[in-house]
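Novice: Chain by chain, the residues run as shown.
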Amino acid sequence: MNPAATVVESLLPLPVLLPLLGAGAALVLAGRPTLQRWVSVGVLSAVVVVAAVLVAGAAERPRVVTVGSWPAPLGITLVADQLSTIMLLTSMSVTLLVLLYAIGQGTSDDDSRTPVSIFHPTYLVLAAGVANAFLSGDLFNLYVGFEVLLMASYVLLTLGGTRSRVRAGLTYVVVNVVSSLIFLAGIALVYAAVGTLNLAQISERMAAVPAGTQLTIHLVLLTAFGIKAAVFPLSAWLPDSYPTAAAPVTAVFAGLLTKVGVYSIIRTQTLLFPGDTVARDILMVAALLTMVIGALGAIAQDDIKRVLSFTLVSHIGYMIFGVALGTAAGVGAAVFYVVHHITVQATLFCVAGLVERVGGSTSTTRLAGLAAASPLLAVLYFVPAINLGGIPPLSGFVGKLGLIEAGVQDGSVLAWFLVGGAVLTSLLTLYAMAKVWVLAFWRPRDQLPVEHPEDAEVNDLDVADDPDRRYPVMIGAGRGRTGAESYSGALLGAPSAVADQEREVVALPRAMTAATGALVAVGLALTVFAGPLYSLTDRAAADLTARTPYVQAVFAQAVDDRVVR
Amino acid sequence: MSSSFLLLALIAILYTAGVYLLLDRSLTRVLLGVLVLGNATNLLVISAGGPFGAAALVGRAPESAMSDALVQALVLTAIVITLGVAAFLLSIIHRTWTLDREDDLTVDTEDRSVRRRLERDEQIDEDEFDTTGCEQTSDTDDERTSRAGAQA
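Chains as they are written, first to last, in this note's numbering: chain A, 1 to 565; chain B, 1 to 152.
Some hints could be false.
With beta-carbon atoms standing in for the labels, derived distance ranges [to be verified]: (1) B/PRO62 <-> A/VAL413: 52 to 62 Å; (2) A/ALA211 <-> B/PHE5: 17 to 27 Å; (3) A/GLY531 <-> B/GLN72: 47 to 57 Å; (4) A/PRO13 <-> B/LEU23: 34 to 44 Å; (5) B/VAL80 <-> A/ALA52: 43 to 53 Å; (6) A/ILE391 <-> B/ILE13: 54 to 64 Å; (7) A/SER412 <-> B/THR98: 34 to 44 Å; (8) A/LEU524 <-> B/LEU23: 27 to 37 Å; (9) B/GLN72 <-> A/VAL209: 19 to 29 Å; (10) B/LEU8 <-> A/ALA556: 35 to 45 Å.
Chain B regions said to be covered by chain A (calculated; three or more residues, Cβ under 8 Å) [to be verified]: (11) 55-63; (12) 66-78; (13) 83-89.
Facing chain B, according to a computed beta carbon distance under 10 Å, are these residues of chain A, among others [claimed, not checked]: (14) VAL7; (15) LEU74; (16) GLU147; (17) LEU150; (18) THR158; (19) VAL166; (20) LEU181; (21) ILE187; (22) GLY195; (23) TYR431; (24) PHE529.
Simulated from the structure, these hints should not be mistaken for laboratory data. Idealized CB from N, CA, C, for every residue including glycine.
With these hints in hand, go ahead and build the complete structure from the sequences.
Specialist: Structure representation (structure tokens):
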């Protein structure tokens, strides 16, 4: 191997290693908040740079590192092909910007006394888990990556341990533990069927397995990843648990966690089980239902965070649509959509955090006149909102157009249904976004509806839980959780004093606004550079559907290692 | 690949029991369900390694007579992960206990406001919500409040 090639390869483990080491350092520096912040920001910035180098490196050919120099089928391999590196760069950039937002939130709250020292280490562990999942060339290592990021997410979601967060956290933990166990069972089945867990080797051997066995294994894996990616009907946990967390936590979850599931589905569909028509049809129907039902749920909600959680679920459907098509055009559009959606969804949750701070609530029944009170905030909401809705020429439109084109090319009846569903969902999303805009931003303050006092009682007192009344929370059944959290305790989730309707509008905190603005700018940059980005994702998809580059790279590395020995 | 029928039967029983426990409202039972399901999955992984053989130590037995060492390594990792998750679940259950003196899954405020809207006739289909028969149990509310008062 020539030295230039090994430079890229030696960088490959860093996106996993740096955040883990950083997490250790941040934990040690718990008593020095400023230093801790610098460590986190520094580590994540370095990871973003490394990810950018890897994107350039993987454009040439997939890069492979065998950990500990154990040759490919035996040891753990890290593989950086175009899909992994694109996902890695996008997710790490968003993670960094959301971290800056979180720091801004902490600084402007002057929370130097509160013990949020656990936030930074956990956040870095989350980043390490995500990076490990993206770079893993091995099914079991993917599982470990999942578990690392899930453990971190359990802690982040229940940060502060308030009643509502503990309740939401329990649902989240149990659902994800079950999905992990299903994944592990899937791993056992794969190993029993083909005797290996190396992704490249599985893809070579799986063709020889009887079709029925293949389908069983395939569906077990899709169920596990479907829960993590929140594909309908496995999505009910998401809108129930995300909105209770602190704004930066929700933003990073919305950006990353479901997308790791989508990434795994892309890998399963393209590398492990290409051309399985039964699973393909199931995925297409699931994609259609995810899109439409999610969007309808978003319309029924009053609370901005819940609206966003439902649009998050809804737009997962777009990605599954592209992946299910299985053509290079479909997968390419899906990868582009993932990049767009990670950015725009994280931005919107950050904006929701700002709205909560400025308006004292995220419920559209309590918010009004935000556009007049804070024009900058209105712009920050408006741009990503219409981007999500798919207004041309923004990146959301480009992604949806690519998906619809791929669907039309496919031409099957189901694909046409999905094309129709995609257009409908786009309109419904736009309607949900416009509803929030009209109620929270445009409506004059004196037009606020009269509140039912009993609702206010429920919403303001987090304690008003009634253990003996339980109804399944179905889509669209919720009324906004309007209890505003105090910002000094936002990260810790301390329940706050009553949010006064008459309260003065608070000025936008500078650091948080800057971080949100940067996220909006990234979203716009995706629009400006949509051409090059789209050709990049298309090439990634061509490699994915061809399969050979990935497999060859892994085995060439294995041969290389043997020669070295 | 062959594997022991007894082991498969055990896995099936454990999965059944685990799912049953997981669906309970009591959080301790949910935790037990997670543990049982975890063990069922671990056994599944072990049985994926094929028939049992000698310990996988070089020199002790011919290679063909050894059992698969990889599945054991995988299960070891999985056990550690399950342990971590169980510890976290325990801590969160304890937290629920300190907050509510309650071992049950607490109710979302969303549900409550749906109920209120329904009582104000903002929603039409009352029967749909009344099938749980929860109406009769609302008296425990006061009981809880008084208990909480006594605690304080």
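Novice: Hint by hint, say whether it matches the structure.
Specialist: Evaluated hints:
For B/PRO62 and A/VAL413, the hinted distance range of 52 to 62 Å is satisfied, since their beta carbons lie about 58 Å from each other. Our hint of 17 to 27 Å for A/ALA211 and B/PHE5 holds, since their Cβ atoms are close to 25 Å apart. The supplied range of 47 to 57 Å is met by A/GLY531 and B/GLN72, whose beta-carbon atoms lie about 51 Å from each other. Look at A/PRO13 against B/LEU23: about 41 Å separates their beta carbons, and that is inside 34 to 44 Å.
In this structure, B/VAL80 and A/ALA52 break the distance hint of 43 to 53 Å, their C-beta atoms being roughly 34 Å apart. For the hinted restraint 54 to 64 Å between A/ILE391 and B/ILE13, the CB-CB distance of approximately 56 Å keeps it satisfied. The hint said 34 to 44 Å for the Cβ distance between A/SER412 and B/THR98, and at roughly 56 Å that hint is violated. Between A/LEU524 and B/LEU23 the beta carbon distance is about 47 Å. The supplied range of 27 to 37 Å is therefore violated.
Hint check: B/GLN72 to A/VAL209, Cβ distance near 24 Å, so the stated range 19 to 29 Å holds. Take B/LEU8 and A/ALA556: their Cβ atoms lie about 39 Å apart, and the range 35 to 45 Å holds. Counting residues of the region 55-63 of chain B whose beta-carbon sits less than 8 Å from any beta-carbon of chain A gives 0, not enough to reach three: the coverage restraint is violated. Check result for the region 66-78 of chain B against chain A: holds, 5 residues qualifying (beta carbon to beta carbon below 8 Å, three or more required).
Remark: the region 83-89 of chain B is confirmed as covered by chain A, as 4 of its residues place a Cβ nearer than 8 Å to a Cβ of that chain, reaching the required three. Hint on A/VAL7 is violated. Least Cβ distance to chain B is approximately 31 Å, over the 10 Å limit. Look at A/LEU74: its Cβ gets to within about 9 Å of chain B, closer than 10 Å, so that hint holds up. Because the closest C-beta pair between A/GLU147 and chain B is about 5 Å apart, less than 10 Å, the hint holds.
For the restraint placing A/LEU150 at the interface with chain B, the shortest Cβ-Cβ distance is roughly 8 Å, inside the 10 Å limit, so the hint holds. Satisfaction of the interface hint for A/THR158 is found here, the shortest Cβ-Cβ separation to chain B being roughly 6 Å, below the 10 Å cut-off. Hint status for A/VAL166: holds, given a least beta-carbon distance of 5 Å to chain B, under 10 Å. Look at A/LEU181: its Cβ gets to within about 5 Å of chain B, closer than 10 Å, so that hint holds up.
Nearest Cβ of chain B to the Cβ of A/ILE187: about 7 Å, under the 10 Å cut. The hint holds. At about 8 Å, the closest approach between the beta carbon of A/GLY195 and any beta carbon in chain B falls short of 10 Å, and the interface hint on this residue holds. Of the supplied interface hints, the one on A/TYR431 is violated, with its beta-carbon coming no nearer than about 21 Å to a beta-carbon of chain B, more than 10 Å. Because the closest C-beta pair between A/PHE529 and chain B is about 40 Å apart, greater than 10 Å, the hint is violated.
Checked against the numbered hints given earlier, the structure breaks hints 5, 7, 8, 11, 14, 23, 24 and satisfies all the rest.
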